[in-house]
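So the sequences go chain by chain: C and B.
Counted from 1, the first sequence has number 197 at position 197 by our numbering; the numbering is strictly sequential.
Throughout, our numbering is defined as the position within the second sequence, counted from one, plus 291.
Simulated from the structure, these hints should not be mistaken for laboratory data.
Accuracy of the hints is not assured; some may be wrong.
[To be verified] Here are the simulated EDC-like pairs of lysine to aspartate or glutamate, each with C-alpha atoms no more than 16 Å apart in a straight line:
1. C:Lys255 to B:Asp658
2. B:Lys302 to B:Asp318
3. C:Lys148 to B:Glu543
4. B:Lys631 to B:Glu543
5. C:Lys148 to B:Asp454
6. C:Lys255 to B:Asp652
7. C:Lys186 to C:Asp196
8. B:Lys386 to C:Glu256
9. C:Lys246 to B:Glu422
10. B:Lys386 to C:Glu259
11. C:Lys276 to B:Glu625
12. C:Lys276 to B:Glu723
13. B:Lys822 to B:Asp562
14. C:Lys276 to B:Asp652
15. C:Lys276 to B:Asp387
[Stated by the list, open to error] Just a few of them, taken from the derived set where beta-carbon distance is under 7 Å, the chain C residues facing chain B:
16. Pro31
17. Trp36
18. Asn40
19. Ser64
20. Pro243
21. Glu256
22. Val278
23. Ala279
Every residue, glycine too, gets a C-beta built ideally from N, C-alpha and C.
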Amino acid sequence: MGAMILFIFYGSILFFILATALRVRRCMKAPIHLHWELYNGSSIYELTNWWAKTHSTFGKKLWSMVLDLLFLREFYHRNRRFWFPLFVFHIGLYLLIFWHAWLFIRSVVGGIETVSILGWVWGTFSTLLTFIGGFLIFIRRMTDEELKLYYPPIHYVKWIFLLLTLVGGVIAVDIHFHSSMPALLKYVREQVTFADFEHKLQPSLMPAFHVLFASVWLIYLPFGHVFQLFFRYYHFLRWDDVPYVKGSEIERRMKEHLERLVTWSAPHIQSGKRWKEVASELQQTPVTGPK
Amino acid sequence: MATEKKKNRLKDISLRTDAPLVTVAADDLMPLPPPLDQQEKRDPYSSLSENQKKSYECSLDGVSALALPKPKSKEEEEKLVERFLRGLEKLLSQKDNWLFWQPLMQSLESCVRCQTCSDACPVYVSSGNQEIYRPTYKSEILRRIINKYIKKRGKIITKLMGDDIELNWPVVARLAELAYRCSLCRRCAQRCPLGSDNGLIGRELRKLFSQEMGIAPKELHDSGTVQQLRVGASTGISSAAFQGMVDFMEDEIEEKWGKRIKIPVDKEGADILLIHNSGEFMSWIENPVAFAILFEAGGMSWTLSSEIYGFEATNYGTWYDDVQFARISLKQVEVAKKLKVKKMVMGECGHAHKGLIVIADRILLGDMNFPRESFLPLLEELVCGGKLKLDPERNNFPVTLHDPCNFVRLMGIVEPQRRILKKICPQFREMEPHGVENYCCGGGSGFAIMNSMNFKEWRENISSRMKLKQILETFKDVLDPGIRKYVCAPCSNCKGAIRDILSGNDLWEKHSIYYGGLVELVANAMVDMKKPFIEWEWH
């Protein structure tokens, strides 16, 4: 049991890092797409000779991303009823993630005994916010006709599991460690520094369960919605895409794509030729209707 | 959020029945404001004839946009389902669908089913919240088919991911029709907090049907892109006919407005090649006429082209087929290169803007990436830069602006048209909502030219209903037929759709609500015209 927990805990961290790296690589290697963005206001196309004008909106995009992620701005403007529980949940979650990062650092930097009680307040407050937000979302998902619609059963399981993980964390900190930050930090230090393996192989049940639950999340996260967000911002999928410039990286990649074979099968396509050939030829047969 | 929703289980899409999943009735429809609130209630579309029902697929909602023939045997059905699956595999493959793979995957994977997008859809709301028209409906069906038949996740996982959908011919046929119940206005995508684009999913479905199975509306394919590639224009206009129209325009300008203008055609080395939607020459010739008057008065160096592909801005491939889209885009640019002009300028055609200026940008490599821009910034320079002598009093009647989705929400050209209208129309008033939040005219993505069986009725009474409501609300204080009103729609397809809803409800005859483009209003404000440019004659 102890060895398994140990394996799952460290293994899940390793898995998280590897799966994340693979996912990011897949995202960055994905073929460049044609322009298909939307606009939330005026664009460079309002100018004559727009191609000769500066087109750098990096700062604006970054700021937009911060507002979206931190305050869930889009939900606030477009679905206020659902925004409130989402906001409470996400703020709690962000605080909780930072708290865990702080725990890891604080456990190895500075004396454990001198830690402030504020560390416990931070952790408890974040957990409470995340729990309340998550619970409200779960209830809303169960009762609101619109939110119930098409919502896959597996996501209800996910929410229950998340709430159980949070409860497990509270039990571990407040019951097993008696709300003692020095005791908690000592435990975290053992994990971070790979120390005291004897102790690790015979873990206490309460922290072990919490670690196990957290490991499951680490395995799931690289496949969750969070990474879709990265995808969206990395490729500017929604707002203000990058125009073509002669001799640019976009041109190089597009040339590669145009060398690809067209594989679609309808008669007017001329399957088997390269994209650059197909797009410049004219032999056409009207082919409407199933053939 | 909308209040009342119609129940419809996703798995019903597999039902083996000829009866439609939904038939929209008069009582379902979104109510209209005065004066149409007192109108006698009638169903939005008529039932197909028994013969049509026997021959064509219409089991989605009793409407046929595609005139899709029913398979003659079980074997044929199975073959078609198999082809659909092969097409779906290609749609999800980076190699086969590199052009739109990224945004498609983003849209398929990031939806959290919050349904925030539903009320953004004019078709869903206008139809009385019919479940089949909900923006997420077709996407969710596709997602579940992918989980079961492409990812092959096994029974338990598939069940946990949602209701099981059995893929059969009725599903394929209903999805084909469903892809043409969304006008690709992408208002739902604008509304989505996570950037899931159900409009794109609709377009990709259309693409699968066209590129893999050869299924597309005749108006878009046979008499659209195929005809354009064969003769140069989707309206079938030949070079000779085009030249004749230009002669006619010159005579018209002299006769009606007392100006003798030589409209430049095929003028090598001009600054601007102006390309119109050829539908303008057929239905609204006053639009290219107004452009000619304004460009000449502004002293522009410009030309039209009589070359094959040079007198047609449309590219219906934008809406349903990447290959046809690429072919037409390249042909259009070749004309400009040959003429040695400095840039191409799109006239009042929304999808031509989005298609050639934006979407085609990355497939036009090297010298083919020819400078292309909208007519709007140029027109703003003419109007607001003092190059034309204008008297706003000549436009002293209520005017409102319809924002074509393609160059407003999908391209970010929002303000020039407003600055122009504020300068020349003292009674300009906005529709609500407007700008990037605008509603589609109901004729987007080819709907305006699709008239198969009862589809035109569906378009006019459901797809365009929200626009009709907006127009009536905008003019609610000036409905008196003694006051002429003008809906400015600077896009050919939008103009067609708006013409049909105004005439279908007698709004010109009874309430003097007229429609037209933007350049017509500018020409109408010119002080040196013998008589007003706008003739207020319904057509």
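Here's how the hints hold up against the structure:
The hinted pair formed by Lys255 of chain C and Asp658 of chain B meets the criterion: a straight-line CA distance of about 13 Å does not exceed 16 Å. As the CA atoms of Lys302 of chain B and Asp318 of chain B are separated by approximately 26 Å, the hinted pair breaks the 16 Å bound. Taken as a hint, the Lys148 of chain C and Glu543 of chain B pair is broken in the structure, with Cα atoms around 61 Å apart against an allowance of 16 Å. Between Lys631 of chain B and Glu543 of chain B the alpha-carbon distance is near 29 Å, which puts this suggested pair outside the 16 Å criterion.
Between the alpha carbons of Lys148 of chain C and Asp454 of chain B the distance comes to roughly 13 Å, so the proposed pair stays at or under 16 Å and holds. A hinted pair counts as satisfied when its Cα atoms are at most 16 Å apart, and Lys255 of chain C with Asp652 of chain B qualifies at roughly 13 Å. The hinted pair formed by Lys186 of chain C and Asp196 of chain C meets the criterion: a straight-line CA distance of about 11 Å does not exceed 16 Å. For the given pair, Lys386 of chain B sits about 11 Å from Glu256 of chain C by alpha-carbon distance, which is consistent with the 16 Å threshold.
Between Lys246 of chain C and Glu422 of chain B the CA atoms are separated by roughly 46 Å; this puts the pair beyond 16 Å, and the hint is violated. As the CA atoms of Lys386 of chain B and Glu259 of chain C are separated by approximately 11 Å, the hinted pair is consistent with the 16 Å bound. Simply put, Lys276 of chain C and Glu625 of chain B have alpha-carbon atoms about 15 Å apart, close enough for the 16 Å limit, and the pair holds. A C-alpha spacing of about 44 Å is found between Lys276 of chain C and Glu723 of chain B, which places the hinted pair above 16 Å, so the restraint is violated.
Using a Cα cut-off of 16 Å, the hinted pair Lys822 of chain B and Asp562 of chain B is violated, with the two alpha carbons roughly 30 Å apart. Note on Lys276 of chain C and Asp652 of chain B: the hinted pairing holds, with a Cα-Cα distance of about 15 Å set against a maximum of 16 Å. Annotation: proposed proximity of Lys276 of chain C to Asp387 of chain B holds, straight-line Cα distance about 14 Å (limit 16 Å). With a least beta-carbon distance of about 4 Å to chain B, the hint placing Pro31 of chain C at the interface is held under the 7 Å criterion.
Taking 7 Å as the C-beta contact cut-off toward chain B, the hint placing Trp36 of chain C at the interface holds, the least distance being around 5 Å. A hinted interface residue such as Asn40 of chain C counts as satisfied when its beta carbon comes closer than 7 Å to some beta carbon of chain B; here the least separation is about 6 Å, so the hint holds. Contact between Ser64 of chain C and chain B, as hinted, is not supported at the beta carbon level, the nearest pair being about 12 Å apart and thus beyond 7 Å. A least Cβ separation of about 6 Å between Pro243 of chain C and chain B falls short of the 7 Å threshold, and the interface hint therefore holds.
Evaluation of the Glu256 of chain C hint against chain B yields a violated restraint, the C-beta minimum of about 9 Å exceeding 7 Å. A cut of 7 Å between beta carbons decides the hint on Val278 of chain C: the least distance to chain B is about 6 Å, and the hint holds. For Ala279 of chain C, the interface hint holds, since its Cβ comes within 7 Å of a Cβ in chain B; the closest pair sits about 4 Å apart.
Checked against the numbered hints listed earlier, the structure breaks hints 2, 3, 4, 9, 12, 13, 19 and 21; every other hint is satisfied.
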